[in-house]
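For the sequence shown, our numbering gives the first residue as 1, with consecutive numbering after it.
No wet-lab data here; the hints were simulated from the structure. You can trust all of the hints, since none of them are fake.
Capping the alpha-carbon separation at 25 Å, the derived lysine-lysine pairs in DSS-like fashion look like this: (1) Lys26 to Lys332; (2) Lys347 to Lys29; (3) Lys252 to Lys169; (4) Lys332 to Lys344; (5) Lys29 to Lys9; (6) Lys241 to Lys212; (7) Lys277 to Lys236; (8) Lys29 to Lys61; (9) Lys9 to Lys26; (10) Lys66 to Lys109; (11) Lys54 to Lys29; (12) Lys277 to Lys303.
Listed next, with one range per pair, are the computed distances between beta-carbon atoms: (13) Tyr149 to Ser208: 20 to 30 Å; (14) Ala154 to Ala201: 31 to 41 Å; (15) Thr164 to Asn100: 48 to 58 Å; (16) Gln239 to Gly264: 13 to 23 Å; (17) Lys66 to Lys212: 51 to 61 Å; (18) Ala207 to Arg153: 23 to 33 Å.
Computed from a predicted structure; not experimentally measured. Every residue, glycine too, gets a C-beta built ideally from N, C-alpha and C.
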Amino acid sequence: MSEIVFVAKETDPNEGRVAASPDSVKKLKGLGFDVVVEAGAGFLSRVPDAEYEKVGARIGKIADAKTADVVLRVRRPNSAEIAGYKSGAIVIAIMDPYGNEDAVAEMAKAGLSAFAMELMPRITRAQSMDVLSSQANLAGYQAVIDAAYEYDRALPMMMTAAGTVPAAKVFVMGAGVAGLQAIATARRLGAVVSATDVRPAAKEQVASLGAKFIAVEDEEFKAAETAGGYAKEMSKEYQAKQAALVAEHIAKQDIVITTALIPGRPAPRLVTREMLKSMKPGSVAVDLAVERGGNVEGAEAGKVADVEGVKVVGHLNVPGRIAASASGLYAKNLVTFLETMVSKETKALALNMEDELVKATALTHGGAIVNANFEPKKKGDL
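Turn these sequences into a full structure, and let the hints steer you where they fit.
The structure is reproduced here in structure tokens:
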């Protein structure tokens, strides 16, 4: 009998994405799995149940999760969902484990082998499974679309018989995956774009997209990147110099987009009220780190707030705002990762806990928490 993959319908009201596309279902079938998709799972991503049925999936109910060997999700399951999975099942999702150690412990207690897609190592072999990149890419694009929507002027320069409309000035803070896509999108829309980042390697990438790079380029800046490619926390002195340069620059901008997020940490504060105050009334700031406390002072999660006359956009789950595109990429990330857990000879699940991808992403297995970073905090721990 074939092993069963269950694709869950998300229960979070802010989540429009789904963990499978018709293409990924086809691939799962090719790997030898029976695929059950919960009814309506793809509705908000514009994938009707009939599209899944066409490629060989069965449309089921939440109760079908009980028989599944693998459960694919976008977000971590809640307590009721965990109770509906069989012990020993593999559950793969964006788990958001930082600060949610109790939820991780609950999955361990239920005997689940839980994997967090966002812990995927940034190595060549895992590029096609890198969910942070696939989703951040779309978040960067959507940030510009949201900014353009809130900004009550045109972005490109327009020369008309009735006069000239000047190009909007867009400043992107953080030139990682989301930032680079934001730069590219704002440039496509005709804005004059500048960007900043604390990683020296970003300077070339920013310039290659036709944007101007803004940073204090001293010795500390030249040594500022971790081995994993993330930005390093800078000294207080550097932060003060950079903040002064940025404050001066922001005063001349129409749109600011912030993308700075270090996994597992509160978002660094990049834009203060004072900086917002210096901007022209009606300017826009989009904060892509609002779920972790925000880069922009005064940003409110899930709202467009008016702070010092600037519209501060704090939408939650920005990739989920373009669910159809985001789901297609996420589904590919998932199926590519799951494929590494399937034996080529037997076409059956063969979980190798020593595999570097499995080791990096595993939270729970065999009734225990297998990632030391997420063991529940004991009383007295800081």
